[in-house]
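Colleague: Next come the chains, spelled out residue by residue.
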Amino acid sequence: MLAAKQIALRSARLPLTSFAANRKKHTLPDLPYDYNALEPVISAEIMQLHHSKHHATYVNNLNLAEEKLGDAVAKNDVSTVIGLHGALKFNGGGHLNHSIFWQNLCPGGSGDPSGELAELITRDFGSFQAMKDKLSASTVAVQGSGWGWLGYNKGSGKLQIATCANQDPLEATTGLVPLFGIDVWEHAYYLQYKNVRPDYVKAIFEIANWNDVA
Amino acid sequence: MLAARSFVQQAGVRMALPLSSYRSKHTLPDLPYDYNALEPVISAEIMQLHHSKHHATYVTNLNVAEEKLQEAVAKNDVSSVIGLHGALKFNGGGHLNHSIFWQNLCPGGSGEPDGALMTAINRDFGSFSNMKDKLSASTVAVQGSGWGWLGYNKAADKLQIAACANQDPLEATTGLVPLFGIDVWEHAYYLQYKNVRPDYVKAIFQVANWNDVAARYSAAGGK
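Line by line, the protein sequences are chains C and D.
So the first sequence is numbered by the numbering used here: it starts at 313 and just counts up by one.
So the second sequence is numbered by the numbering used here: it starts at 1322 and just counts up by one.
Because the hints were derived from the structure by calculation, they are not lab data.
Do not rely on the hints blindly, as some may be mistaken.
[What the hints assert, rightly or not] Pairs of lysine to any residue residues, derived as SDA-like cross-links and limited to a Cα-Cα distance of at most 20 Å, are as follows:
#1 D:1475 - D:1542
#2 D:1410 - C:456
#3 D:1515 - C:363
[To be verified] Just a sample of chain C residues kept apart from chain D, beta carbon distances all over 10 Å, derived:
#4 347
#5 353
#6 376
#7 379
#8 385
#9 386
#10 423
#11 431
#12 439
#13 450
#14 466
#15 485
#16 523
[Unchecked claim] Stretches of chain C that chain D covers, calculated by requiring three or more beta carbons in the stretch to come under 8 Å of a beta carbon on chain D:
#17 355-367
#18 495-505
Ideal Cβ positions, reconstructed from N, Cα and C, are used throughout, including at glycine.
With the hints as extra help, turn the sequences into a complete structure.
Modeller: Laid out in structure tokens, this is it:
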């Protein structure tokens, strides 16, 4: 830590003081509902594994990667800093994406979107149904592991559909602000839906929390 | 098909793809064993879904993509030919990879490798156990969906470990000849092993068919 501060004073290029010294670890956020609360759309077994194993692992590995990052920055080891990108993107993205996901869903869903969000959806897609159709098609078409997203393009002021591979986080990858995400890694649905990803994607709208999206 | 031929004749264009009218569709290969034959390492439920749904879908979609490819080539639509790359790689790779996978495994496994293959393993990894450790580590570390591979580098005459994302086929992607592959798409193990991919990767060596691996090595020129 002291070495980090010395380097910071000498080079003054990277702000290292808050970085190494007082950085708190990331923690697994609690679900805002019980593991069985999203049934029958997503089973309790899936929710428990998804939250307490998969998301928890991203959190742990993100903390590990960030610790290594702190060390590498302190040692001015640029090569290692760059080499950590994969672990940071994968685990950091996993933590970001799942943190949004748990909030995007709620027991029984919230009903249809309303207010300004509903107006934007109608403006940019023609109708709520048209938006769901587009989002579903893109999400189902993801090759391998990834996420389908409804995102917000701040530059153009438009809602947009996008997909990302693996745990690539939407904003860092595309610039879009993530509003509503659908996890289509097989662990998100396989125990219940097996290979029939389209059924899962169709069903997930029944538990969408448009208040969170708004 | 006939239109394609006359177009080629008229345009005098040399087509790289043989536009024979008699191209056979790809078909789902039968498993060399029953769905339950790899238990307890891989459950019957997984094998049935994996073969009759996942692999079957790759075969179906590969045929669809190749049909569109023929049409695009016939129309000289270079943009569409290029645009089909993703579907061809994904579904073609899926078909290639799984066709190898079913042969790479056998009920109860085949014991340890021997002969020329074992000699090469010892030469290139130090020991069979070292090779398994390296292959396991690389395979477990795949981010998202993909495959771990023991491959053969023909130019260097060496065995090598590699990993590919999604259904990217080993040889087209890396030049290595695929010898033994471990599918770590979650559909390959999740129903049984849940999130514990390392347990699945460790167990799969119990059903590895090193005779098939040796045959591939030999066919690729390995001695």
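Colleague: Does each hint fit the structure? Answer for all of them.
Modeller: Hints versus structure:
1. D:1475 - D:1542: holds, 7 Å
2. D:1410 - C:456: holds, 12 Å
3. D:1515 - C:363: Given pair residue 1515 of chain D, residue 363 of chain C holds - Cα atoms ~13 Å apart, limit 20 Å.
4. 347: At about 14 Å from chain D, residue 347 of chain C clears the 10 Å cut-off, so the statement holds.
5. 353: Holds: least Cβ distance 19 Å, greater than 10 Å.
6. 376: holds, 14 Å
7. 379: holds, 19 Å
8. 385: holds, 23 Å
9. 386: holds, 26 Å
10. 423: With a cut-off of 10 Å, residue 423 of chain C remains clear of chain D, as the shortest Cβ separation is near 32 Å.
11. 431: With a cut-off of 10 Å, residue 431 of chain C remains clear of chain D, as the shortest Cβ separation is near 35 Å.
12. 439: Non-interface label stands for residue 439 of chain C: nearest chain D Cβ at 29 Å, farther than 10 Å.
13. 450: holds, 14 Å
14. 466: Nearest chain D Cβ is 28 Å from residue 466 of chain C, so the label holds.
15. 485: holds, 14 Å
16. 523: Its Cβ never comes within 10 Å of chain D, the nearest being 31 Å, so this holds.
17. 355-367: holds (count 3)
18. 495-505: Check passed, 5 qualifying residues.
When the structure is compared with the earlier hints, no violation turns up for any of them.
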